[in-house]
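2 protein chains.
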Amino acid sequence: MKEAVRIIKIGGKVIDDQVKLNQFLSDFAEIEGPKILVHGGGKIASHVASKLGIETKMVDGRRITDPEMLDVVAMVYGGLVNKRIVAKLLALGVNALGLSGTDLNVIYSKKRNPNPTDFGLVGDIESVNGPVLIDLLAKGITPVLAPLTHDGNGQLLNTNADNIAGYVAMELATEAKLELDFCFDLEGVMNEGKLITQMNLLLYRHLKGVGVIKDGMIPKLDLGFQALKAGVKSVRVVGNEFVKEAQKGTRLIK
Amino acid sequence: MKEAVRIIKIGGKVIDDQVKLNQFLSDFAEIEGPKILVHGGGKIASHVASKLGIETKMVDGRRITDPEMLDVVAMVYGGLVNKRIVAKLLALGVNALGLSGTDLNVIYSKKRNPNPTDFGLVGDIESVNGPVLIDLLAKGITPVLAPLTHDGNGQLLNTNADNIAGYVAMELATEAKLELDFCFDLEGVMNEGKLITQMNLLLYRHLKGVGVIKDGMIPKLDLGFQALKAGVKSVRVVGNEFVKEAQKGTRLIK
Chain L
0 MKEAVRIIKI GGKVIDDQVK LNQFLSDFAE IEGPKILVHG GGKIASHVAS KLGIETKMVD
60 GRRITDPEML DVVAMVYGGL VNKRIVAKLL ALGVNALGLS GTDLNVIYSK KRNPNPTDFG
120 LVGDIESVNG PVLIDLLAKG ITPVLAPLTH DGNGQLLNTN ADNIAGYVAM ELATEAKLEL
180 DFCFDLEGVM NEGKLITQMN LLLYRHLKGV GVIKDGMIPK LDLGFQALKA GVKSVRVVGN
240 EFVKEAQKGT RLIK
Chain R
0 MKEAVRIIKI GGKVIDDQVK LNQFLSDFAE IEGPKILVHG GGKIASHVAS KLGIETKMVD
60 GRRITDPEML DVVAMVYGGL VNKRIVAKLL ALGVNALGLS GTDLNVIYSK KRNPNPTDFG
120 LVGDIESVNG PVLIDLLAKG ITPVLAPLTH DGNGQLLNTN ADNIAGYVAM ELATEAKLEL
180 DFCFDLEGVM NEGKLITQMN LLLYRHLKGV GVIKDGMIPK LDLGFQALKA GVKSVRVVGN
240 EFVKEAQKGT RLIK
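Chains L and R are the protein sequences, given in the same order.
If you count by numbering that gives the first Met the number 0, then the first sequence holds residues 0 to 253, one letter each, in order.
If you count by numbering that gives the first Met the number 0, then the second sequence holds residues 0 to 253, one letter each, in order.
Please keep in mind that the hints were generated in silico from the structure rather than gathered at the bench.
Predicted model only: the values in this text are computed from it and were never measured.
Some hints here could point you the wrong way.
As the list claims (entries may be wrong) - The calculated label-pair distances, taken between Cβ atoms and stated as ranges, are:
no., chain 1, residue 1, chain 2, residue 2, range
1, L, Lys42, R, Asp184, 33 to 43 Å
2, L, Asp184, R, Asp59, 45 to 55 Å
3, R, Glu125, L, Arg204, 55 to 65 Å
4, L, Lys138, R, Met0, 14 to 24 Å
5, L, Gly230, R, Glu125, 39 to 49 Å
6, L, Asn199, R, Gly52, 48 to 58 Å
7, L, Gly32, R, Ser45, 40 to 50 Å
To be verified - Computed far set for chain R versus chain L, every beta-carbon distance over 10 Å:
no., residue
8, Gly32
9, Arg62
10, Lys110
11, Phe118
12, Ala229
13, Arg250
14, Ile252
To be verified - Straight-line Cα separation of at most 30 Å, DSSO-like style, residue types lysine-lysine; simulated pairs:
no., chain 1, residue 1, chain 2, residue 2
15, R, Lys138, L, Lys1
16, R, Lys207, R, Lys253
17, R, Lys56, L, Lys50
18, L, Lys50, R, Lys42
19, R, Lys19, L, Lys110
20, L, Lys12, R, Lys50
21, L, Lys109, L, Lys56
22, R, Lys50, L, Lys42
23, L, Lys56, R, Lys50
24, L, Lys34, L, Lys232
25, L, Lys50, R, Lys12
26, R, Lys42, L, Lys42
27, R, Lys138, L, Lys34
28, L, Lys42, L, Lys56
29, L, Lys207, L, Lys243
30, R, Lys34, L, Lys138
31, R, Lys50, L, Lys50
32, L, Lys42, L, Lys247
33, L, Lys193, L, Lys243
34, L, Lys138, L, Lys19
35, R, Lys232, R, Lys207
36, L, Lys42, R, Lys56
37, L, Lys56, R, Lys42
38, R, Lys138, L, Lys138
39, L, Lys19, R, Lys109
40, R, Lys253, R, Lys232
By construction, the Cβ of each residue, glycine as well, lies at the ideal position given by its N, Cα and C atoms.
The whole structure should be built from the sequences, with the hints applied where relevant.
Given below as structure tokens:
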């Protein structure tokens, strides 16, 4: 594929805020060329689970996906959020196709090893079906990926949306020039309220060492640097509202 | 498309029964040639709505789709049921792709006229995207259609699954030999406990007139005869468990 492919992960509170979501999708629709949108489920899944009386079980601050919670995740991520986004993108002139990793076998994963911690029905990505995605993109179709994968034996698995974006980018990097954006609520990676515009491994390790970079930002940046190493041309952590603006956010460099 | 295309609507309690659903999908997987599966949501949507504290509003014995119920329908039909079926079909070797009518603009509909009865966010099908479906089928892909459509302005609409099966069959009938099966819990159309193996318009009108055929069977058969007239080669009402057996059920004839 000759054109650059953009993989954009939308994250944070924007999924739960109709006005902000509409603005994001309108910006996304204006981005030209082949592109893939990856979304999570925001707080809606926890909200629905709580209303359904399903207890959210946590270990070490991370949610366990038991069978009931998996049903909620399939409903909210695969159904509500995915189809809402697709309907809005179509209205904006984007030929969108909502996909979970199970559709067309797009993403195959393996249930995470229950040792030392059993996170339940959570999938670690094993492979991404590059040819199918390239074929869709070549036809002008915009895949909208929900964070659900499958194990090949009929079992759906809850899968981190950052990982989906990262692994898809790495797989497609062998076929095209890939640009990966992790969008979220902040402007980028911050220190003392200031945006860090460029980040290399040395700076990352330093800021992680002193505790400035922590929690969910660590796996996101680990994955970002892994993607750079695997041939993804551009990796960025950026505010949802700046998705169209190439100069914004924190750019990862080698 | 040279090969006959089968459109199979799965319905009734089988959606709610994992054992029966697995058997159905296993039979479906064995059917050769291009095929499309259309599903409803069974009783799960009502169950989830009730657990979420959403009141089911009825008018003339029919459910009203208010915005809250639409969210449930999107979650249950578009997410839970659709993705479960797709994951199982993939495990059975079927290259399945879950679609709502909004994905790739497959089915465009119009919100039903609120006069005389306002059913809420319910869509009446306006058009089916034949070329997209034919293209998928030609690639060996099996679309799995959830009963959700969209109005082109970003609004999802709840849409009867029988209608989706019927309209898709009629649209594709201009391109291929079409066989349409409405599967459900009974063996076929019954009278006094006996299966009616063949039904033409005269017999249908007679049995409707004397009250043997009633309720939900009326729109199903109206649609079936409409499909026959529109060029669909074979229309059948048949038990879910007999989907593989060509001689079973009630066959509609001109």
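Do the hints match the structure? See the list:
For the hinted restraint 33 to 43 Å between Lys42 (chain L) and Asp184 (chain R), the CB-CB distance of approximately 39 Å keeps it satisfied. A beta carbon spacing of about 47 Å between Asp184 (chain L) and Asp59 (chain R) agrees with the range 45 to 55 Å that was offered as a hint. At roughly 57 Å, the beta carbons of Glu125 (chain R) and Arg204 (chain L) sit within the given window of 55 to 65 Å. At about 18 Å, the CB distance of Lys138 (chain L) to Met0 (chain R) agrees with the hint of 14 to 24 Å.
Evaluation of the 39 to 49 Å hint for Gly230 (chain L) and Glu125 (chain R) yields a pass: the beta carbon distance comes to about 45 Å. Distance hint for Asn199 (chain L) and Gly52 (chain R): a CB-CB separation of about 51 Å, consistent with the stated range 48 to 58 Å. In this structure, Gly32 (chain L) and Ser45 (chain R) meet the distance hint of 40 to 50 Å, their C-beta atoms being roughly 44 Å apart. Against the 10 Å criterion, Gly32 (chain R) stays outside the reach of chain L, whose nearest CB is about 19 Å from its own CB.
Interface exclusion of Arg62 (chain R) from chain L stands, the closest Cβ pair being 18 Å apart, more than 10 Å. Every Cβ of chain L is farther than 10 Å from the Cβ of Lys110 (chain R); the closest lies at roughly 13 Å, confirming the non-interface assignment. Every CB of chain L lies more than 10 Å from the CB of Phe118 (chain R), the least distance being 19 Å, so the non-interface label holds. In this structure Ala229 (chain R) is separated from chain L by more than 10 Å, as the shortest Cβ-Cβ distance comes to about 26 Å.
At the 10 Å boundary, the C-beta of Arg250 (chain R) stays outside the reach of chain L, the nearest C-beta of that chain being 33 Å off. For Ile252 (chain R), the non-interface assignment is confirmed: its Cβ lies about 37 Å from the closest Cβ of chain L, beyond the 10 Å cut-off. Between Lys138 (chain R) and Lys1 (chain L) the CA atoms are separated by roughly 23 Å; this keeps the pair inside 30 Å, and the hint holds. A C-alpha spacing of about 17 Å is found between Lys207 (chain R) and Lys253 (chain R), which places the hinted pair at or below 30 Å, so the restraint holds.
Pair hint Lys56 (chain R) plus Lys50 (chain L) holds up; C-alpha atoms about 20 Å apart against a cutoff of 30 Å. For the hint linking Lys50 (chain L) to Lys42 (chain R), the alpha-carbon distance of about 19 Å falls within 30 Å, and the restraint holds. Between the alpha carbons of Lys19 (chain R) and Lys110 (chain L) the distance comes to roughly 26 Å, so the proposed pair stays at or under 30 Å and holds. Restraint check for Lys12 (chain L) and Lys50 (chain R): satisfied, since their Cα atoms lie roughly 25 Å apart, inside the 30 Å limit.
Between Lys109 (chain L) and Lys56 (chain L), the direct Cα distance comes to roughly 21 Å. Compliance with the 30 Å bound is thereby established for this hinted pair. About 19 Å separates the Cα atoms of Lys50 (chain R) and Lys42 (chain L), which keeps this hinted pair within 30 Å; it holds. For the proposed pair Lys56 (chain L) and Lys50 (chain R), the alpha carbon gap of about 20 Å is at most 30 Å, so the pair holds. This hinted pair checks out: Lys34 (chain L) and Lys232 (chain L) have alpha carbons roughly 15 Å apart, not beyond 30 Å.
As the CA atoms of Lys50 (chain L) and Lys12 (chain R) are separated by approximately 25 Å, the hinted pair is consistent with the 30 Å bound. As the CA atoms of Lys42 (chain R) and Lys42 (chain L) are separated by approximately 26 Å, the hinted pair is consistent with the 30 Å bound. For the given pair, Lys138 (chain R) sits about 22 Å from Lys34 (chain L) by alpha-carbon distance, which is consistent with the 30 Å threshold. This hinted pair checks out: Lys42 (chain L) and Lys56 (chain L) have alpha carbons roughly 15 Å apart, not beyond 30 Å.
A C-alpha spacing of about 29 Å is found between Lys207 (chain L) and Lys243 (chain L), which places the hinted pair at or below 30 Å, so the restraint holds. Of the pairs offered as hints, the one joining Lys34 (chain R) and Lys138 (chain L) holds, with about 22 Å between alpha carbons and a cut-off of 30 Å not exceeded. In summary, the hint linking Lys50 (chain R) to Lys50 (chain L) is supported, as the alpha carbons are separated by about 7 Å, within the 30 Å threshold. Restraint check: the Cα-Cα separation between Lys42 (chain L) and Lys247 (chain L) comes to about 26 Å, which is no more than 30 Å; the hinted pair holds.
Only pairs whose Cα atoms come within 30 Å are accepted, and Lys193 (chain L) paired with Lys243 (chain L) is accepted, the gap being roughly 21 Å. Taken as a hint, the Lys138 (chain L) and Lys19 (chain L) pair is honoured in the structure, with Cα atoms around 29 Å apart against an allowance of 30 Å. With a C-alpha separation of about 24 Å, the suggested pairing of Lys232 (chain R) with Lys207 (chain R) holds against the 30 Å cut-off. At most 30 Å may separate the alpha-carbon atoms for a hinted pair to count; Lys42 (chain L) and Lys56 (chain R) meet this at roughly 27 Å.
As the CA atoms of Lys56 (chain L) and Lys42 (chain R) are separated by approximately 27 Å, the hinted pair is consistent with the 30 Å bound. Pair hint Lys138 (chain R) plus Lys138 (chain L) holds up; C-alpha atoms about 14 Å apart against a cutoff of 30 Å. Proposed proximity of Lys19 (chain L) and Lys109 (chain R) is supported: the alpha carbons are some 27 Å apart, at most 30 Å. For a cut-off of 30 Å, the pair hint linking Lys253 (chain R) to Lys232 (chain R) stands: about 10 Å separates their Cα positions.
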